[in-house]
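Undergrad: Next come the chains, spelled out residue by residue.
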Amino acid sequence: MSEVVKKFMYLNRRAPYGTIYAWESLEVVLIGAAFDQEVNLMFVDDGVFQLVKGQDTAGIGMKNFSPTYRTLGDYEVKNIFVDADSLAARGLTQDDLVAIAYEDMDTEEEIENIVEVVDAARVTELMDESDVVFSF
Amino acid sequence: MPIVVDGKTFETDEEGYLANINDWVPGVAGVMAKEDDLELTDEHWDIINFLREYYEEYQIAPAVRVLTKAVGKKLGKDKGTSKYLYGLFPYGPSKQACRYAGLPKPTGCV
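Each protein sequence line maps, in turn, to chains A and B. Residue 108 in our numbering sits at position 116 of the first sequence; the count goes up by one each step and never skips. Residue 50 in our numbering sits at position 41 of the second sequence; the count goes up by one each step and never skips.
Since the hints were made in silico from the structure, they are not lab data. In this text, all values refer to a predicted model and were calculated from it rather than measured experimentally. From the three backbone atoms N, C-alpha and C, an ideal C-beta is built for every residue, glycine too. Don't take each hint at face value.
[What the hints assert, rightly or not] Listed next, with one range per pair, are the computed distances between beta-carbon atoms:
hint : chain 1 : residue 1 : chain 2 : residue 2 : range
1    : A       : Glu108    : B       : Asn29     : 19 to 25 Å
2    : B       : Leu84     : A       : Asp37     : 26 to 32 Å
3    : B       : Gln68     : A       : Gln86     : 21 to 27 Å
[To be verified] With a straight-line cut-off of 25 Å between C-alpha atoms, the simulated SDA-like cross-links for lysine to any residue are:
hint : chain 1 : residue 1 : chain 2 : residue 2
4    : B       : Lys82     : A       : Asp98
5    : B       : Lys104    : A       : Phe27
6    : A       : Lys70     : B       : Asp55
7    : A       : Lys45     : A       : Asp98
8    : B       : Lys86     : A       : Lys55
9    : B       : Lys86     : A       : Thr60
10   : B       : Lys43     : B       : Tyr67
11   : A       : Lys70     : B       : Gly85
12   : A       : Lys45     : A       : Glu104
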């Protein structure tokens, strides 16, 4: 395994359907999770819609991949952030979003929901701390 | 190469995964296993059924690391080990069992 652990941020800014960006981003995250890097997911702008629960894509003939976000904890992706201003601007609150659980297999500590709503200052700070930002 | 189960033909992709997940019948697993010279036991079926349930819930075929962790949680710690799972599916537990289960190739699987 690589000695150098880099901080990766996946920045998700687009609505889940209509373009392939959201699904591509999620796939890259899940595939990349096999490599021991520190990964942050950030949802801003229309990207916050990716985490909205109760999605039904039957009408647009696309695969509903929103349940897949709930596996992120299983893939050891533990840091998931949502921009508070983007949520508020779209009339959403954390209650509208899926909950993603994480269980530490070593300590058996279980966290019910790792999705964290953060303010603009914290978004900036997290971006600054990242070595690499992938924008989708 | 398409496979034939009870006289019915099922399309597969170039790696042998079922082309259409909704086509799956349990016989598919049996025929695929036979081609690999593997006899399916209840223990194999536990994993195959687990994967189908996992896909149903999360819309994804889990990578082996994730499968191991999830099996340990659901079926007991003694079964959530690479050793146990590779014992059942020597070609790679997730890769091979997902194929038998009619699921796509696992995400994050090379």
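Undergrad: All hints are to be evaluated individually against the structure, with a verdict given for each.
TA: Verification of the hints:
1. In this structure, Glu108 of chain A and Asn29 of chain B break the distance hint of 19 to 25 Å, their C-beta atoms being roughly 39 Å apart.
2. Separated by about 41 Å at the C-beta atoms, Leu84 of chain B and Asp37 of chain A break the suggested range of 26 to 32 Å.
3. Between Gln68 of chain B and Gln86 of chain A, the C-beta spacing of about 23 Å keeps the proposed range 21 to 27 Å intact.
4. For the proposed pair Lys82 of chain B and Asp98 of chain A, the alpha carbon gap of about 12 Å is at most 25 Å, so the pair holds.
5. Annotation: proposed proximity of Lys104 of chain B to Phe27 of chain A holds, straight-line Cα distance about 18 Å (limit 25 Å).
6. Distance hint between Lys70 of chain A and Asp55 of chain B is unfulfilled; the C-alpha atoms sit about 29 Å from each other, more than 25 Å.
7. Distance hint between Lys45 of chain A and Asp98 of chain A is unfulfilled; the C-alpha atoms sit about 30 Å from each other, more than 25 Å.
8. At most 25 Å may separate the alpha-carbon atoms for a hinted pair to count; Lys86 of chain B and Lys55 of chain A exceed this at roughly 33 Å.
9. With a C-alpha separation of about 24 Å, the suggested pairing of Lys86 of chain B with Thr60 of chain A holds against the 25 Å cut-off.
10. Proximity of Lys43 of chain B to Tyr67 of chain B is assessed by CA-CA distance (about 29 Å); at most 25 Å being required, the pair is judged violated.
11. Of the supplied pair hints, the one linking Lys70 of chain A and Gly85 of chain B holds, its CA atoms being roughly 23 Å apart against a limit of 25 Å.
12. The suggested pairing of Lys45 of chain A with Glu104 of chain A holds, with an alpha-carbon distance near 16 Å, which does not exceed 25 Å.
Of the hints listed earlier, those the structure fails to meet are numbers 1, 2, 6, 7, 8 and 10, in rising order.
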